[in-house]
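Engineer: These are the residues of each chain, in order.
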Amino acid sequence: QKEVEQNSGPLSVPEGAIASLNCTYSDRGSQSFFWYRQYSGKSPELIMSIYSNGDKEDGRFTAQLNKASQYVSLLIRDSQPSDSATYLCAVNMGAGGTSYGKLTFGQGTILTVHP
Amino acid sequence: NAGVTQTPKFQVLKTGQSMTLQCAQDMNHNSMYWYRQDPGMGLRLIYYSASEGTTDKGEVPNGYNVSRLNKREFSLRLESAAPSQTSVYFCASTGTGGGFSNQPQHFGDGTRLSIL
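Chains as they are written, first to last, in my numbering: chain A, 1 to 115; chain B, 1 to 116.
I should point out that these hints are in silico values taken from the structure, not numbers from a laboratory. A hint or two may mislead.
[To be verified] Capping the alpha-carbon separation at 30 Å, the derived lysine-lysine pairs in DSBU-like fashion look like this:
(1) B/Lys57 x B/Lys71
(2) A/Lys42 x B/Lys14
(3) A/Lys42 x B/Lys57
(4) A/Lys42 x A/Lys56
(5) B/Lys57 x B/Lys14
(6) B/Lys71 x A/Lys42
(7) B/Lys57 x A/Lys67
(8) B/Lys57 x B/Lys9
(9) B/Lys71 x B/Lys9
(10) B/Lys71 x A/Lys56
(11) A/Lys56 x A/Lys67
Keep in mind it's a predicted model, so treat the numbers as computed, not measured.
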């Protein structure tokens, strides 16, 4: 069974620190990787997409992908209380992307940023 | 700028009742999806529609049916609701071509469904 695994947390960091969220996936042929943020009672909101090995930066967010290790991570620099949410890792596991856009989601990591 | 619209936002049903959850997207996406989200379980795919006129089962299809009414609309039906179907239901869509997609999914606001 194809899986995506995350540490469910909760992960607690002080304001201004770096939060590091990790995700592993089982299908070596996976091509596309996404991080979603979900506030309590709200719908998932896309914050990062990554497709190639290495780092991708967008503001305070950096996504890191290592396909050889089947590992994707999200770093949040200068964490703010408003970053407190559940972060969902999602992977398109179709070989070559031929999965009709289906995503497999991890269980999510709860992040709490305390002042 | 609606994106993905779901109705209703909240619903309470009695065991055995039926209902249809509606979803519409205005982004001209080919593919649409229905998920349920339960505490500690993440998002689980119920059904999806790769393109207009096609539907297929996801991870947890039992107890549900779907209809892809046209390119914009994808509905989810509970024929005989059970307490185990109490959950938050999300509809999502993405652009695909020939089965291929590397695009993210865009989500609606969800329907919170309670079955007594």
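Engineer: Are the hints correct? Go through all of them and say.
Structural biologist: Structure-based check of all given hints:
1. A C-alpha spacing of about 18 Å is found between B/Lys57 and B/Lys71, which places the hinted pair at or below 30 Å, so the restraint holds.
2. Note on A/Lys42 and B/Lys14: the hinted pairing holds, with a Cα-Cα distance of about 25 Å set against a maximum of 30 Å.
3. In summary, the hint linking A/Lys42 to B/Lys57 is supported, as the alpha carbons are separated by about 25 Å, within the 30 Å threshold.
4. Restraint check for A/Lys42 and A/Lys56: satisfied, since their Cα atoms lie roughly 26 Å apart, inside the 30 Å limit.
5. Under the criterion of a C-alpha separation no larger than 30 Å, the hint pairing B/Lys57 with B/Lys14 is consistent with the structure, at around 25 Å.
6. Among the hinted pairs, B/Lys71 with A/Lys42 is consistent with the structure: their alpha-carbon atoms are about 25 Å apart, no more than 30 Å.
7. For a cut-off of 30 Å, the pair hint linking B/Lys57 to A/Lys67 stands: about 28 Å separates their Cα positions.
8. The suggested pairing of B/Lys57 with B/Lys9 holds, with an alpha-carbon distance near 24 Å, which does not exceed 30 Å.
9. This hinted pair checks out: B/Lys71 and B/Lys9 have alpha carbons roughly 22 Å apart, not beyond 30 Å.
10. Taking the CA atoms of B/Lys71 and A/Lys56, the gap is about 33 Å. The hint is violated against a cut of 30 Å.
11. For the hint linking A/Lys56 to A/Lys67, the alpha-carbon distance of about 14 Å falls within 30 Å, and the restraint holds.
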